[in-house]
Amino acid sequence: MKAKIRKIATFVEETQREMDREISPPARRAAAVAVIENPYAGKYVEDLSELMAIGEELGELLTARAVAALGIEGPAAESYGKAAAVGENGELEHAAAILHPKLGTPVRRVLGTGAALIPSSKKRGGMGVVLDIPLGHKDAAFVRSHFDGMEVRINDAPRANEIMVAIAVTDSGRPLARVGGLTKDQIKGEDGLR
Amino acid sequence: MAEKPLRRAAAIAVIRNPFAGSYVANIEGFMEDLKPLGLEMARQLVAALGGDAKAVEGYGKGAVVGSAGELEHGALWHVPGGYGMREVLGGAKAIVASTKKVGGPGTRLDVPITHINASYVRSHFDSMEVGVNDAPRADELLLALVMTTGARVHARVGGLKASEIKGEDGLC
Chain A
0 MKAKIRKIAT
10 FVEETQREMD
20 REISPPARRA
30 AAVAVIENPY
40 AGKYVEDLSE
50 LMAIGEELGE
60 LLTARAVAAL
70 GIEGPAAESY
80 GKAAAVGENG
90 ELEHAAAILH
100 PKLGTPVRRV
110 LGTGAALIPS
120 SKKRGGMGVV
130 LDIPLGHKDA
140 AFVRSHFDGM
150 EVRINDAPRA
160 NEIMVAIAVT
170 DSGRPLARVG
180 GLTKDQIKGE
190 DGLR
Chain B
0 MAEKPLRRAA
10 AIAVIRNPFA
20 GSYVANIEGF
30 MEDLKPLGLE
40 MARQLVAALG
50 GDAKAVEGYG
60 KGAVVGSAGE
70 LEHGALWHVP
80 GGYGMREVLG
90 GAKAIVASTK
100 KVGGPGTRLD
110 VPITHINASY
120 VRSHFDSMEV
130 GVNDAPRADE
140 LLLALVMTTG
150 ARVHARVGGL
160 KASEIKGEDG
170 LC
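Chains as they are written, first to last, in numbering that gives the first Met the number 0: chain A, 0 to 193; chain B, 0 to 171.
Read the hints as simulated data drawn from the structure, not as lab findings. Take the hints with a grain of salt, since some may be wrong.
With a straight-line Cα cutoff of 27 Å, these simulated DSSO-like cross-link-like pairs (lysine-lysine) come out [to be verified]:
id	chain 1	residue 1	chain 2	residue 2
1	B	Lys92	A	Lys187
2	B	Lys3	A	Lys42
3	B	Lys160	A	Lys42
4	A	Lys101	B	Lys34
5	B	Lys160	B	Lys34
6	A	Lys183	B	Lys92
7	B	Lys160	A	Lys101
Since the model is a prediction, treat every value here as computed from it, not as a measurement.
With the rest of the complex left out, here is chain A (with noise of 0.2 Å):
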């Protein structure tokens, strides 16, 4: 089954400066959020594989709109992350039928890359609920200058019977990142976490 899909929406921030600081290159963030319709609001439904095959195709379509978004190629994406937002006639454990079984390995296939965990967050909430998704590094979890977040919002998301899944990517870590820990330059890329 294919997502019945009634909107996208991509954010792009571009921090250019911080704490009255020029940050050059400019630190940039793309986050790609599809506004589909929830096939099993409503009612209690035990299997959910049609929205583990949506998460699958949203996979694909929102890494390629976020990555697009940044004007680059997808092995120059530096951290990512997923959320899901479910309208209130749907279930929590809808979000994670979308995100958890199957929407990683597209998101890693338009990357190129991606041994670490994608960070991911998920609600339940109203029309214009707030969604964070979290940052971290693609192939290293631990690359403390890339732990971040994105807010994503959409006034008139998600209706009562819509889920709001989203995937954000970057081109870089936090601006002024100054907290130590290990960083880019240190990753080994054995074990997704350093």
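Given the structure of chain A, go ahead and fit chain B onto it with the hints provided.
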């Protein structure tokens, strides 16, 4: 009916941001100063969930920086927040899921949650929305820790189960 009610608790501290208002290059030392707060908040969370640290299965952390601060000030919470929870839980192995942002009073924050010993346990991927109506003010930091007692209610999307954790690398 859920077999076992899921409980989630959040501890939130609103503190003054010592670096608000101007660029300060060296801020790392503040992480050490925050450790007692991290420990105290972690203890309060365990108490709120019934007092038994062994009942805690998921955790996460987050920060909101007031408008006179930098996003980077929120990153100061990674080490002390994680330290406090690991101390109280007796050595959790998984990386602590986190998020951060700059925002005004009343900002909502989705604190991501994962299993404390294995990041890939699918039933425990979750998040909890937190916020305080009058915080953070411009020169404040809102710091949050979250703990939970189990899987999502009606978790049924497969993947690694808590009962299958090997517990070697914090992942599986």
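Against the structure, the hints come out as follows:
Only pairs whose Cα atoms come within 27 Å are accepted, and Lys92 of chain B paired with Lys187 of chain A is accepted, the gap being roughly 20 Å. A C-alpha spacing of about 21 Å is found between Lys3 of chain B and Lys42 of chain A, which places the hinted pair at or below 27 Å, so the restraint holds. Distance check on the hinted pair: Lys160 of chain B and Lys42 of chain A sit about 25 Å apart at the alpha-carbon level, within 27 Å; holds. Simply put, Lys101 of chain A and Lys34 of chain B have alpha-carbon atoms about 38 Å apart, too far for the 27 Å limit, and the pair is violated.
The suggested pairing of Lys160 of chain B with Lys34 of chain B is violated, with an alpha-carbon distance near 32 Å, which exceeds 27 Å. Annotation: proposed proximity of Lys183 of chain A to Lys92 of chain B holds, straight-line Cα distance about 22 Å (limit 27 Å). Distance restraint check for Lys160 of chain B and Lys101 of chain A: the Cα-Cα separation of roughly 17 Å lies within the 27 Å cut-off, and the hinted pair is therefore satisfied.
In terms of the numbered hints stated before, the structure departs from hints 4 and 5, listed from lowest to highest.
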